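A.B. asks: Listed here are the chains, written in short residue letters.
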Amino acid sequence: MRKNRILALITGMMTALVCQQVQAADIDISGFVRQEMAAKVTSKENRNNEQENKYHGNDASNLLNLFATRLEIDASAKLNENLTARAKLRGFADWGLYKDASGRDFFGAPTFGGNRANRLEESGDQYMVDLPSFYLDFNKGPLWIRAGNQQIAWGEAIFFRVLDVPNGLDLRRHFILDPAAEEYSDKRVASPGVRASLRVLDQFEFEGFAQMFSPSVLPNPGTPYNFIPDQFTVHTSEDANDDWNFGGRVQAQFWDNLSVQAIAVHRTNPDGVFRWRNETAGPLAGLPFSFDASEGVRSSGEWFKYAATTRLDGVNGVCTALNLASGCFGTGPAAYATAQATLDATFGGLGPLRGHIERVFKQENIFGVGANYVFSGEPDTLFDQLVMRGEVAYTPDKTFTSPSLDRAFLTEDEVTASLVFEKYHRFTQSQSWPATFIVAEYMYKSKSDLFGRHLDGMGGDVSYGATGVENGFHAVALALQQPFPNLVWRADFTTLVDVRGGILMQPGVKWRPNSQWTVDVYANIVAAKQNNKNIMQTFDYANELSARIAYQF
Amino acid sequence: MRIKKYDFDYSRRSFMGKAAIGAAAGVLAPLWSTIAKSGEITKAYPEELLHIEAYTKGAIKPGDIVTADNVEAVKNLLDPIAYNQVKTMGRRIHIVETTTDVTKLFPHEYLEATLANNGKAKFDATGNVVTSDGKPWIGGNPFPNAQTGAEAFANLTLSWGRHDQSVYAVRDWDISPAGDLSYQYDFVWAEQNAVALLKDGPYWAGHEDKLRYQSVWFTAPNDTKGTSFLNIWPYDQTQFPELYGYLPAFKRVRNFPTNQRFEPLVPGITIFLSDAWAAGDPFLTWGNYKIIDRKPMLGAVSGNFLNDPNWSRPVHGGQKGQTFFDTYMELIPETIVIEAEPVKYPRAPVSKKRVAIDTRNMMFVSYMTFDRRGEVWKSFEPAFSQYSGPAGTVNDGSHPAWSWTHVHSHDIQTNRISRFIQAKEVTGGYKSAWNMGSVYDEYMTIQAIRRLGD
Chain F
1 MRKNRILALI TGMMTALVCQ QVQAADIDIS GFVRQEMAAK VTSKENRNNE QENKYHGNDA
61 SNLLNLFATR LEIDASAKLN ENLTARAKLR GFADWGLYKD ASGRDFFGAP TFGGNRANRL
121 EESGDQYMVD LPSFYLDFNK GPLWIRAGNQ QIAWGEAIFF RVLDVPNGLD LRRHFILDPA
181 AEEYSDKRVA SPGVRASLRV LDQFEFEGFA QMFSPSVLPN PGTPYNFIPD QFTVHTSEDA
241 NDDWNFGGRV QAQFWDNLSV QAIAVHRTNP DGVFRWRNET AGPLAGLPFS FDASEGVRSS
301 GEWFKYAATT RLDGVNGVCT ALNLASGCFG TGPAAYATAQ ATLDATFGGL GPLRGHIERV
361 FKQENIFGVG ANYVFSGEPD TLFDQLVMRG EVAYTPDKTF TSPSLDRAFL TEDEVTASLV
421 FEKYHRFTQS QSWPATFIVA EYMYKSKSDL FGRHLDGMGG DVSYGATGVE NGFHAVALAL
481 QQPFPNLVWR ADFTTLVDVR GGILMQPGVK WRPNSQWTVD VYANIVAAKQ NNKNIMQTFD
541 YANELSARIA YQF
Chain R
1 MRIKKYDFDY SRRSFMGKAA IGAAAGVLAP LWSTIAKSGE ITKAYPEELL HIEAYTKGAI
61 KPGDIVTADN VEAVKNLLDP IAYNQVKTMG RRIHIVETTT DVTKLFPHEY LEATLANNGK
121 AKFDATGNVV TSDGKPWIGG NPFPNAQTGA EAFANLTLSW GRHDQSVYAV RDWDISPAGD
181 LSYQYDFVWA EQNAVALLKD GPYWAGHEDK LRYQSVWFTA PNDTKGTSFL NIWPYDQTQF
241 PELYGYLPAF KRVRNFPTNQ RFEPLVPGIT IFLSDAWAAG DPFLTWGNYK IIDRKPMLGA
301 VSGNFLNDPN WSRPVHGGQK GQTFFDTYME LIPETIVIEA EPVKYPRAPV SKKRVAIDTR
361 NMMFVSYMTF DRRGEVWKSF EPAFSQYSGP AGTVNDGSHP AWSWTHVHSH DIQTNRISRF
421 IQAKEVTGGY KSAWNMGSVY DEYMTIQAIR RLGD
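Note that the protein sequences, when read in sequence, are chains F and R. To convert, note that position 125 of the first sequence is 125 in my numbering; the numbers rise steadily by one, no gaps. To convert, note that position 149 of the second sequence is 149 in my numbering; the numbers rise steadily by one, no gaps.
This is chain R alone, in the form it adopts within the complex:
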């Protein structure tokens, strides 16, 4: 038992003060220098931010399940949509211990690069991230100790999946307002970074002007099979990605306007390109970044790898008992809550997004968008985990993998929920993998999406 050296409101006062001026994470000590020294966070936060039982004064403890009956105890740790899901829709959230060992919150190579490159990033005159000698970023979080919204979003944007290459085999279920399963899709989402590479990098020769290549293609059901999109992101974050699409009905690749990023890709799904990683658009096409809060939150950042044969997971809640995945959340000692506006999308249906970012690894744990009237529209709630559990470990090379496990995307205005998992394998024989070597030829060219689409 640690001795409480500070009164319960000390943390709250500390966060309020930091939110106002912008300051480094950590309450008792600067978080990132603590992590750099020890690889863990316990010296940076008081007990009530490290233990849910302490924070809730015993109301909730690890192993408990948050339900409508006890959610009031953690109401201020949830975003309003998650709170409402628990309170009114039968959602249950499993509580696990707070992760203090940050190696479990990163892919190994990404954490190493973040540590090695700490302090080498800056913004150039255009607002893009460059190294001290003006070159594109070289790997890891450029601003591990982010103190502005732009810095935090640079962290999110420059390497979405925190691997040089990621192929996510995704299985999606779309739940109607009545709780019925309306649509089910299998698709593959692939990312290939061109800079900030952790292996054989930091730059992919000949592609230094690009940030990433990213494609998504649907493999089921039959009428959607073959629908494919390819995004080619310039490194310059003021520029829109090139967007190409292959629609089976057309049998050919088309140029798509690159600013169509706020619409579902296929019927019934609530996910937009703009939603990806809470940073689905180049971060300088959004603006007016501001930190509006620093606070602890519940977030699904550990314990979510369940070792199901296809990495699937139980469901519960909603009117038909199938609206939500079982999700494991922990008390995150400190998040930065940032708002931003889509300044380069004058007709965007979104007026702003509000994103909560875990200061330990600079990954988002909560994301909400607001419509043009300022009303809450959607949440895109991710879950992450080290891919290690009682039944074994999945590596992303020679280390335990870290990645997202599942997502709930809830349009609260229509009450439609898309929930999807990173599956081990989906229709078409595609399997999830990370850092497996270049997937450019296979998945990231116009030729490739034409081949995948037919």
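With the rest of the complex left out, here is chain F:
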């Protein structure tokens, strides 16, 4: 209730202020309608969905991964010399044209009451409407204050989020498979808050924010990009809904070509962590299971397979599910055999079981530094105008999901770092061909993968538990953008490589024939070793050809 009162107060104040001023201001309204679609180009399906659960004899055959219509309306008004109001309404409707996912709830997430995943959202099974921007900007001299529902984007890496920590991601709309160059701009979860920035001596900028906590939003069960197997029910805690995140950043510019920044953020991690959640009533009270003859786990093989693909430890997961200590079966093949026997006996006796897990949100502190350096080499050399960016973040005592889904979470320090090189290079002196934009990136995470899954949960399979991997998570990315003459066409190629055996390639073209129409056509090509050690395996079903056709007004 408290959160609703705060939100109502903020919204009411803003609305009153805007209404008072708006009569004297011109309101600019613009927007677009966009059809978005992704057609599958292989027969591989998302194994996390019941429709594709081979252990249940299912074999999905969808033609589409996405078919949705988006409407965005942007309104802004300059209220006076110092005050601007801005609102953006986003509507997204999924047509549900998926042979094996009909009747699913694509958008509902009862995080903030009703069916809402965010505070300023209304959603139904196949639609969502929200206000990703709804704020007032106050600017006077070196001071800038933005109050209202807003995204805060820090950091500058493609794919990788090192300093980009203020906001979580909403993965309901095409997962992370939109054009990579857009860098999560549609995904960051906006949240009510206040952000202030003050420039000092022109060289320094101090920025701070206080923002209400909003969790990352995961694709719902049974939907095309779902990544939590349907055999689980996720119970999302609302305990953190009243939390506020706080952060500060200082940026400084030196010698024209060097800029540095440092951040400190106290936040409730929007991604959340997961653990078993015991049922409190019924015949299985005290255990994190319920009977589910249709979608429940039916065999030890299914258990181990899905544990491995979701980067969990299938052996110790049995221990913790039974309220025993992780490691209760020892280690090695004997432990696996004991766990397997236990599972087979359980499923044999009780039948298919649904697992219940709880998603909770833990607070953490993140400290980071970053630097941009623009090289000034001889003209037409490699170092001429080469931009180097480095970002490092350190999170002490970060809370991770235990690969065994133990109720006691893992708590470890994590270091995240990225190194980025960017360069515009003109490969031809033909006047009509603009320069090619080239980005090369490297990312390191010490304890978890790109999705935040602890590395100890890697390497399991149907016949053994997780082995874990050593020496952190490493990924590299390369992005190329080649505009065509007059920028009417642009060809993009982006690739992300997990050094443990996965690759995502995203070639595409963008066509902007006139002011009204924009067309994006791009492919997501995913290949992954089936070693349960890389991130691409998680969405290796998503080989698809995507198109977005937008009409703007």
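One should not assume that every hint holds.
What the hints assert, rightly or not - Every beta carbon over 10 Å from chain F, so not counted as near; a handful from chain R, in silico:
| hint | residue |
| --- | --- |
| 1 | Leu28 |
| 2 | Ile65 |
| 3 | Ile81 |
| 4 | Gly119 |
| 5 | Leu306 |
| 6 | Asn307 |
| 7 | Lys344 |
| 8 | Val394 |
What the hints assert, rightly or not - Cut-off 25 Å, straight-line C-alpha distance, at most; resulting in silico cross-link-like pairs (DMTMM-like, lysine to aspartate or glutamate):
| hint | chain 1 | residue 1 | chain 2 | residue 2 |
| --- | --- | --- | --- | --- |
| 9 | F | Lys362 | F | Asp239 |
| 10 | R | Lys344 | F | Glu378 |
| 11 | F | Lys88 | R | Glu47 |
| 12 | R | Lys424 | F | Asp28 |
| 13 | R | Lys431 | F | Asp239 |
It is worth saying that the hints were derived from the structure and are not from the lab. Predicted model, so just to flag it, every value in this text is computed and none were measured. Just so it is clear, CB atoms sit at the ideal spot from N, CA and C, and this is done for glycine as well.
Model the placement of chain R on the given structure of chain F, informed by the hints.
C.D. replies: Just chain R, lined up with the frame of chain F:
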């Protein structure tokens, strides 16, 4: 009626001689000392350079419209692209009287500074303009009587808009080769000089090492709205400006390589950063300046303020009747035609630019670029005016404003034309203004373009 004391070719011979050796402007008398004494130019030029009717032997007179039917009479007064536009694309050019009162060719304060500071500028060892005591320039044209290409480009570069601050609300239309309207953008272009200030100057304390801050941000259409760029120019003209960009798709500010100055900022537009004011790059990053000609030209330097409510203007020509703005040109008695090469941009698609500069106010009236093969590529044809017309006057303080009114940017190799106006107001509520006080905090910082972009 003035008595013709010189034969018709006297001017031509005079210009040919001066072009070869580099000399002061003026045929009958030195132009700038004439201006300094009287504020006008009639004693510096013979009649055929002051009256289009005399120059064309009666073929064209003020009030006439140059069309394909009569353009041959002024062919040698137009750059080849403008000539071709009239000859083959249906462009029409309105002819007005030559401006002899130079106060109508400058912002008031800028002309005063040019007169007051005449003779105080020199180049230092690095090629930068300094005062006689070695300090950054103090305002006005440093070389009002420019006799070299470098001097002329110093005039163009050190104060683009000739105001301490300028905010231009710009509405742009991009015309396809078929004459259709392909794109339309609203954007704002803002300039804030850090030195050579005309008020509260000549230097902005703490920013003396900078020449200017300049930003541009798009306000429409929706997918381009928020695209913003910030250029921070060092005073040292051998150095590239810092370039920052905010792209809405990224939601954050990025460093951009500063030598990416020869590409359109948004799809379909033919304007590059390098094109601005025919001197969009620090003038010492270009080189091999040479004066190739001195000659009269037709230029859009007066009569172009039409008093439309939003300072818009009629269009005509092209296949769909919308390719060109109505433009008013006058006979400019003398221009210096200069060529320069992008010596510090080894992979630039431009091999050289050719710029014609009106000797009366040292402002460019014609600008063409050439590709690497030496073929003509683009023209960037400006129009200027004192903001005074039959329906009233717009001031830039306590005097009638002078500024640019519109531009045609024509890529003749793709036959795409961008035409844009300085509007009174564009989407977002931004209004054109000059000398309104510092706009640094509002528009010229990384913080500002982040705010403007979101």
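A.B. asks: Decide, hint by hint, whether the structure agrees.
C.D. replies: Status of the hints after comparison with the structure:
no.	hint	verdict
1	Leu28	42 Å, holds
2	Ile65	31 Å, holds
3	Ile81	15 Å, holds
4	Gly119	33 Å, holds
5	Leu306	23 Å, holds
6	Asn307	21 Å, holds
7	Lys344	6 Å, violated
8	Val394	20 Å, holds
9	F:Lys362 with F:Asp239	10 Å, holds
10	R:Lys344 with F:Glu378	9 Å, holds
11	F:Lys88 with R:Glu47	62 Å, violated
12	R:Lys424 with F:Asp28	16 Å, holds
13	R:Lys431 with F:Asp239	49 Å, violated
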